[in-house]
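For the sequence shown, the working numbering gives the first residue as 943, with consecutive numbering after it.
Treat the hints with care, as some may be off.
Here are the simulated BS3-like cross-link-like pairs (lysine-lysine), alpha carbons at most 30 Å apart as the crow flies [as the list claims (entries may be wrong)]:
| hint | residue 1 | residue 2 |
| --- | --- | --- |
| 1 | K1129 | K1117 |
| 2 | K1117 | K976 |
| 3 | K988 | K976 |
Derived DEER-like restraints, expressed as beta-carbon distance ranges [claimed, not checked]:
| hint | residue 1 | residue 2 | range |
| --- | --- | --- | --- |
| 4 | D1225 | F991 | 25 to 35 Å |
| 5 | P954 | E984 | 52 to 62 Å |
| 6 | K1129 | D1202 | 26 to 36 Å |
| 7 | P1035 | E1127 | 33 to 43 Å |
| 8 | R1248 | G1073 | 49 to 59 Å |
| 9 | R1248 | R1284 | 15 to 25 Å |
| 10 | G1103 | P1244 | 20 to 30 Å |
Because the hints were derived from the structure by calculation, they are not lab data. Computed from a prediction, not measured in an experiment: that's the story for all the values here. Using N, Cα and C, we set each Cβ at its ideal position, and we do this for glycine too.
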Amino acid sequence: MTSRSASALDTPWDSPPEAQELIQEAMAWHFDPKTGSPFWQEQSRKLDFDPRTDVRTVEDLSLFPNIVDELRDTRIEDLVPRGYGSVDRLPVPPVVGESGGTTGAPKRVFVLPDVREQSWAWYYNRLLEHGIAAGDSWLGIMPAGPHMAGILAQDTARRFGSIFYTVDFDPRWAKLLMGRGAVDEAKGYITHLVDQIEWILRSQDIRVMVITPPLLEAVCRRDHLVDLINEKVNTVIYGGTSMDEDTRHLFRTELFPQIDFVSIFGSTMIFCAMPERPGTPADESPVFDPPSPFSMFSVIDPETGRNVAYGERGQVLTHHITRNLFLPNNLDRDTGVRHPHRLGLPGDAVAEFKPVREFGAAPVVEGVY
């Protein structure tokens, strides 16, 4: 890897640099032919501005086009910045993650150990704010394979010094069944997943359960599993699909009144997962504060590109700025309600994430993840 001095790009996410400093260093890194990736070198030829001189602030990021759809076909080797050295000589190969494939062929990104450590240490520290105890065994009902959610859950359990249990889970198959109306097949697959969950809950001392809302609802159709979860589990971490306020209130106040519920919002395209703000009352929607300025949200009117007012719903726009990846101006498939960041950092916090019905030319099918 090219030698370098201390940089805002290497700052721990819990001690964030000034956004302007990070952006300027990112432009110097990603658009220098010696350190930038082949992908961004090629993209730079299409731009009518020079990122190294013209992009200096958060607002300037709007100059970039949204390029994430190109990640469906781009070679991972072309995304790795040259400053890391050739891919075949990296001390640790990139970990490749894919989007869920909800809106078509999945998009692919990668992460190397430096940014993986920054992102996942930040996530671990946010869970500490929710009082999760070290050593408690985890059951992770999240997809692995190309989906980073399951890998993140396993890594986080390891940071807590915990045993991690999991189940076989292919959300794309479930989504395909639901998309073509194969209701009975989809129900059969969900039953198969719940059976696996039951086997582990019956035999092991599970204290933390990581699960998607549709699967938690399926689990709760078996009364004896509701009793078993209340007997054993201290914390339910849920994410992957949206959960409406009435369902969240039912879980927190009637079905599992003694269990802590922690909602998670995550995105492959910003390579991080965000636990909700701690201390959210059961009758209020969780709010998610991203690790700004490395990953930032804006909640906008997609027709004008301007921020909606705080408390109003708009479409979520994301920026991701790290040494590994630069992914600006990504219009997400979710809408959300805009809030100020709890730490006063640049960008928005978001509540009440909901998928749009269509994204591009594709209908959005959430499925079980």
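field: Hints the structure fails to honour
entry: Numbers 2, 4, 5, 8 and 10, in rising order.
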